[in-house]
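Novice: Take a look at the letters that make up each chain.
6 protein chains.
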Amino acid sequence: MAVDGFPCKPASTVVDDDFFSALMVAAPSTKNPFGVNSTRATVSVFPGLNTLGVSITRTDLAPGGINPPHSHPRGSELVLVVKGEVMVGFTTSTNLLYSKVVKENELFIVPRGLQHYQLNVGTGDAVFMAMFDAQSPGLVVPTLGLFATKPAMPMEVLTKTFLLGADEIDVMKSKFVGF
Amino acid sequence: MAVDGFPCKPASTVVDDDFFSALMVAAPSTKNPFGVNSTRATVSVFPGLNTLGVSITRTDLAPGGINPPHSHPRGSELVLVVKGEVMVGFTTSTNLLYSKVVKENELFIVPRGLQHYQLNVGTGDAVFMAMFDAQSPGLVVPTLGLFATKPAMPMEVLTKTFLLGADEIDVMKSKFVGF
Amino acid sequence: MAVDGFPCKPASTVVDDDFFSALMVAAPSTKNPFGVNSTRATVSVFPGLNTLGVSITRTDLAPGGINPPHSHPRGSELVLVVKGEVMVGFTTSTNLLYSKVVKENELFIVPRGLQHYQLNVGTGDAVFMAMFDAQSPGLVVPTLGLFATKPAMPMEVLTKTFLLGADEIDVMKSKFVGF
Amino acid sequence: MAVDGFPCKPASTVVDDDFFSALMVAAPSTKNPFGVNSTRATVSVFPGLNTLGVSITRTDLAPGGINPPHSHPRGSELVLVVKGEVMVGFTTSTNLLYSKVVKENELFIVPRGLQHYQLNVGTGDAVFMAMFDAQSPGLVVPTLGLFATKPAMPMEVLTKTFLLGADEIDVMKSKFVGF
Amino acid sequence: MAVDGFPCKPASTVVDDDFFSALMVAAPSTKNPFGVNSTRATVSVFPGLNTLGVSITRTDLAPGGINPPHSHPRGSELVLVVKGEVMVGFTTSTNLLYSKVVKENELFIVPRGLQHYQLNVGTGDAVFMAMFDAQSPGLVVPTLGLFATKPAMPMEVLTKTFLLGADEIDVMKSKFVGF
Amino acid sequence: MAVDGFPCKPASTVVDDDFFSALMVAAPSTKNPFGVNSTRATVSVFPGLNTLGVSITRTDLAPGGINPPHSHPRGSELVLVVKGEVMVGFTTSTNLLYSKVVKENELFIVPRGLQHYQLNVGTGDAVFMAMFDAQSPGLVVPTLGLFATKPAMPMEVLTKTFLLGADEIDVMKSKFVGF
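Protein chains in written order, with this note's numbering: chain A, 1 to 179; chain B, 1 to 179; chain C, 1 to 179; chain D, 1 to 179; chain E, 1 to 179; chain F, 1 to 179.
Derived from the structure by calculation, the hints contain no laboratory data. Source: prediction; values computed, not measured. C-beta: ideal position from N, C-alpha, C; glycine also. One or more hints might be untrue.
To be verified - One side of the interface only, derived from the structure: several residues of chain A facing chain B at Cβ under 7 Å:
#: 1; residue: H70
#: 2; residue: S71
#: 3; residue: G145
#: 4; residue: I169
Said to hold, decoys possible - Reference listing, derived: stretches of chain D covered by chain F, where coverage requires no fewer than 3 residues with Cβ under 8 Å from a Cβ of chain F:
#: 5; region: 52-61
#: 6; region: 78-92
#: 7; region: 108-122
#: 8; region: 128-137
#: 9; region: 155-163
What the hints assert, rightly or not - Pairwise CB distance ranges (calculated):
#: 10; chain 1: F; residue 1: E156; chain 2: A; residue 2: F179; range: 49 to 57 Å
#: 11; chain 1: D; residue 1: T159; chain 2: B; residue 2: S12; range: 45 to 53 Å
#: 12; chain 1: D; residue 1: P63; chain 2: C; residue 2: V45; range: 45 to 53 Å
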């Protein structure tokens, strides 16, 4: 598979540190309109994961912050909350919504490919680890995939998708400039 | 895998017709706000596909009709246009948009899990066949997964996702009542 | 897997056309002893399919034309007839024969690896699309693999396989010269 | 997958013998027109293989006996000759023939799905073990799948496949009555 | 695969809590000779993981406690230390040892099937989460699989494995009574 | 997968011998403390196996010889005894021991990843073939992975694993010098 297509190091050059990563240590800034920041330890930045079928993402959420609805094409996501209270929800192929408020050391599982979100519903900062059964699970953020593409999505697609006028769409798009 | 979890018929009861389906024959009505109608021959309605790793969907589009942005969690999609002119586009994990106008007997491939749309840009009706490397590729329609879930998506998720007010969200939601 | 072993283009050089193919458009000549012509859109000629697990073949059949018994080592085949009337049949590991006359927009599924044929039983030309859950499903044509190999199959193998004399085998082989 | 679709025994009822089989011990008769007899230890007769991805077949060949050209839809075959001298050959998707005379304890590998044969070219009996990376690799014998199916293959398919007359086909079919 | 062989709940009975687990919350006692306690959230106790390809284990280590050398037949293990300082090491097929002291929020990856250990090298308690790309990764603890089996491993196997006498083996076995 | 990560030969350079190996022919010396010698035909020494999912190992056992407890991370093992009487046993994740004395042409299956041993319980030499559903099944020998690693396993890990003193461990380690 191309998504797993990284070469392996020659065995003689492998060292202990190849299997180690400190990527999850830092608490990144959540000062942005969504109050969210995700740090990914996928194979492209932690090469030791190559061929091993796992990766992890740390997501920090400011109070009230949201990790907006998105999906991962190539992996299920096991959410482990390490700080705070996070509402996690996902929708099925028949648009049923399953959700739960998840607290420290609690788990929530999101089936592969389904659209889901995480919302900080506690009073302080929240942090969760998202573990995937893929070294590169991929990311589809529908809002960015509609309002922030290069080149821009044809306006006709957007107006017909939302059944709104171009003026209303332009308002929506203006929120996503720079993402 | 649960998604493939259908039992097989006892071998002694298998007949020729188990491998046959006429589901793609009828041209369904496209009289709806999006001008689209998809007929699916997945394993749940064509049991002969069980364990065989393929399925197909016929999509009819009225002039100007759209198959709104969506993704399939468990399959790549090979689009074969059988009538008319269809603009097909998909967005990547880095929000690049690739698209093309596809005509009769031409092909367009959408990588598994990525968000894509089909828009009838011709002057008449259009029909395309979408072939999947999965007996049950699944379907994620972000708009329905935001505005038409059961139970309803919390308003806080929607306002924070679109960075809009509840009034504006209510207008958006009103378009999707009944889907 | 070696059969999927094509490198991916550098992401920065990918263009819209990489995901597009017009290979299925032309109606090739069926003027040959079998009255058949197959045009394949597998990964070797449609590189955009790489890693995506699907491919398609267009087969044109003259009136009475046959796509002789063959199998695909690496894929199930979903047959979609787009013109005419085609008898499709396959045999199982216990030599049961399942077959059906399939007409426009009707489907027939051939399980992976099994021997099958397609025969034009209508009065005019016929065309079908064969969709595979593999980017390179492979092709085993037993007659060619017996009578048209390089180097030639030992005569002892052929006489013992068919329980016929070398003279009779030579008659059979003469039909496949040049394939 | 249906081909792997056997239920597992309840853990509390599992005994040592579930993992054991003596199926390969007996030397079966090779008195038949082909001088061949294959004994299979696949999951249907050795249930302990269930889910474990391997199986084995013992094939006995009389002097001059042949295991006629055939393929296995779901497995590669590693041939280990345990007695005698066996010519093993297979043909590729482009009808190249690779073959070799294989002697005691020597190996020959046949890639999954490709058509191959084994011919006893020694002076005495021969025996080989064929090991598969599948608990149920399946079996496609083109001659049986043409001349010995139930129901019978339409004569039109046979005459057009071999470019011969019905009389000649009837001669060929007569050799396979009772298989 | 049998290891994934759990039936799915009927869709109509699925509730939010099916995707939630609090199994990782409690800090279990580490008062035992090894100073270790592992709590597993695999599919057998967290059924919502069924078919989703992930699971997690929480391991608590007393100061100086060890999670003795073991392997997981069906999964890679991504170690996330959540408290303390843990030396993690694994050995390869050629008996090279790779190890590292891992601290809070740091990661260490153990390739699937390889023997590894975790040792608390800090001054206080330690806790780590082990994430797997399998809903039921399995567990092989060589010491238990030698000294604590039912029925008992034949003494001849043990003496020959360690090249020691039966008396010495009996001393070793005595440490593992009751596990 | 990296374990399958060998390039394929250019098709034009492939010859008959690429699919052949005589690695299993020689009977190697079993003069060593364990009375065992294993000869492996995995992809690294039999390149024709590349991508084909199978490999084989020949193990010779002197009278009373043992193939000490070990596991294969990436493959199930189907044991075919070709000479003598071999006790084969494996332990499960719950430390149940299943074993059987296996004689000429008899089979025993060891599920993937589980710890197992083979002991010659006959009066003469014994030989068995171990077939794997992997081109490179890997090898974990717990004793070597504890007592013969490079660099050496920390003594603290060993004493805590066996609940023994350093002196006793040193005696154990002394047996494995040079392996």
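Novice: For each hint, tell me whether it holds in the structure or not.
Specialist: Verification of the hints:
Checking H70(A) against chain B: minimum C-beta separation of about 9 Å lies over 7 Å; hint violated. About 6 Å separates the beta-carbon of S71(A) from the nearest beta-carbon of chain B, less than 7 Å, and the hint is met. Interface restraint check for G145(A): the shortest CB-CB distance to chain B comes to about 4 Å, inside 7 Å, so the restraint holds. At its closest, the beta carbon of I169(A) sits 11 Å from a beta carbon of chain B; the interface hint therefore is violated under the 7 Å criterion.
Against chain F, the region 52-61 of chain D contributes 6 residues with a C-beta closer than 8 Å to a partner C-beta. That satisfies the three-residue criterion, and the hint holds. Evaluation of the coverage hint for the region 78-92 of chain D: fulfilled, as 4 residues show C-beta separations to chain F shorter than 8 Å, against a requirement of three. Counting residues of the region 108-122 of chain D whose C-beta lies closer than 8 Å to any C-beta of chain F gives 5; at least three are required, and the coverage claim holds. Interface restraint, the region 128-137 of chain D with chain F: holds (5 residues with C-beta to C-beta distance below 8 Å; minimum three).
For the region 155-163 of chain D, the proposed coverage by chain F is not satisfied: 0 residues have a C-beta within less than 8 Å of a C-beta in that chain, short of the threshold of three. Distance hint for E156(F) and F179(A): a CB-CB separation of about 50 Å, consistent with the stated range 49 to 57 Å. For T159(D) and S12(B), the Cβ-Cβ distance of about 31 Å falls outside the hinted range of 45 to 53 Å, so the restraint is violated. For P63(D) and V45(C), the Cβ-Cβ distance of about 47 Å falls inside the hinted range of 45 to 53 Å, so the restraint holds.
Figure legend: structure checked against the earlier numbered hints; hints not met, in rising order: 1, 4, 9, 11.
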